[in-house]
Amino acid sequence: MLSVIETIWRVFLHLFRKRVTVQYPEQKPYLPPRWRGRIILSRDPDGGERCVGCYLCAVACPVDCIALQATEDQTGRRYPDFFRINFSRCIFCGYCEEACPTYAIQLTPDFEMGEYHRQNLVYEKEDLLIDGPGKYPGYNFWRVAGVKIGGKEKGEGQHEARPVDLRSLLP
Amino acid sequence: MTSPYPILTILGVLIVALSVAAGLIWLERRLLAGFQDRYGPNRVGPFGLLQVLADMIKIFMKEDWIPPFADRTVFVLAPAIIVVTVLMSFAVLPIAPGVIVSDLNIGLLFVLGMSSLGVYSVVLAGWASDNKYSLLGGLRASAQMLSYEVFMGLSLMGVVLLSGSFNLVRIVEAQRTLWFIVPQFLGFLLFLIAGVAETRRLPFDLPEAESELIAGYHSEYSGMKFGMFFVGEYLGVTLISALITILFFGGWLGPVLPPLLWFLAKMFFFICFFILLRAALPRPRFDQLMAWGWKVMLPLALANLLITGAVALAWSK
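Line by line, the protein sequences give chains A and B. For the first sequence, the working numbering gives the first residue as 15, with consecutive numbering after it. For the second sequence, the working numbering gives the first residue as 17, with consecutive numbering after it.
If you're looking for bench data, these hints aren't it; they were derived computationally from the structure. Beta carbons are placed, not taken as given, at the ideal position from N, Cα and C, and that holds for glycine. There could be a bad hint or two in this list.
As the list claims (entries may be wrong) - Among the chain B residues that face chain A by a calculated CB cut under 8 Å, a handful are:
# : residue
1 : L48
2 : G50
3 : F51
4 : R54
5 : W143
6 : D146
7 : A296
8 : L297
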């Protein structure tokens, strides 16, 4: 019987404790930089799309929410024709970011994506592409890849030697 | 001692009782949240006060569904009974000197009778729903009411002995020198426990026991019919708090402040206590509840009555 009264008293004292509630819209929680939120597609420092349309993100995605179609421009640079993420399916696991070989797809600390219509949760490439390089400021895939694209011949990339001329006798 | 405009008193009591019951929706959620280190509803209007309005709009817009297997007439009637019986009890409560709808000479008996009738609401709802959980809830309610009604009445007989009247106004007047909480402390405790059981509030909410019976007797109710049970429950809490105030804490009596304010303040205190009980205590098993009622509370109530009677007899000689 005494324990009952003690319980009542202790619960009563909770009235004067600090509240644990975060008053969300006014009081924003701290989101660390590695928070896995809304997915974006970044650009390299030159402003070109980083995505090379390798499909690795789509393969890695456990809920199949990424759809894309790779294509090439005249100079041989690959890019996605369309890139579509269905955020009503996305579970924000970050596997796509891990799979991406060019740091193109990245998860950002933003979760405020509420919509009144489910259709609006399907993000197209225009919705996903941002203007900056995201978490990797200096990185440019095409500058370190040994592939020839428009404006860059083979061997002109960073840390890259010119190709060996097999027909020359000189060492 | 009734006022010259009885219709005004009736309307006043009705409006105050119903708005207090509606306000309790907000108060209970805020207080429960407080006891759990949360804020509770604080978005709609100042301090979330308009939450009541939002809840009401919501519950009126809900689909009002009567299951095809239910006993229609009884099903519709049951929620009304609880509200009507509790509101009837409010008629004999003296809120301030002269503010009383009907100055009945057996006011206390009337209140007890009406609260007993209120059980029909729960039992009929459980029966008419034709659902095993509802029926179990109704059964539990009737058993619980039967056993707690007995010592509820007995615990109040001490007060009646001391004041020498069943009239609630006379009972309040008899507390001018000393509130009955002092000579009748045991009676107060017994009535408090019986009152909680009578309103089917936690820890005595076995008739609806969400974890066992889904929602007990109102499993099949929706929309405003469910809302009626809700209003009935809050009205019941208000009624029992008002009764405790009148019977043990001197009703409107108190220094400085106007009598109406005193009454409301005391009533408010006990309403808050009811909510605190809900936050603090777990629900007992049903056999524990029954054993408690018959083996502990009833003998205590009888002993209280005997001792009070003996003392009152010795005093009068």
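We went through each hint and held it up to the structure:
Proximity of L48 of chain B to chain A is violated relative to the hint, the smallest CB-CB distance being about 10 Å (cut-off 8 Å). At a threshold of 8 Å, the smallest CB-CB gap from G50 of chain B to chain A is about 5 Å, leaving the interface hint in force. Taking 8 Å as the C-beta contact cut-off toward chain A, the hint placing F51 of chain B at the interface holds, the least distance being around 5 Å. Hint on R54 of chain B holds. Least Cβ distance to chain A is approximately 5 Å, under the 8 Å limit.
The closest approach between the C-beta of W143 of chain B and any C-beta of chain A is roughly 34 Å, which is over the 8 Å cut-off, so the hint fails. Hint status for D146 of chain B: violated, given a least beta-carbon distance of 38 Å to chain A, over 8 Å. A cut of 8 Å between beta carbons decides the hint on A296 of chain B: the least distance to chain A is about 4 Å, and the hint holds. Nearest Cβ of chain A to the Cβ of L297 of chain B: about 7 Å, under the 8 Å cut. The hint holds.
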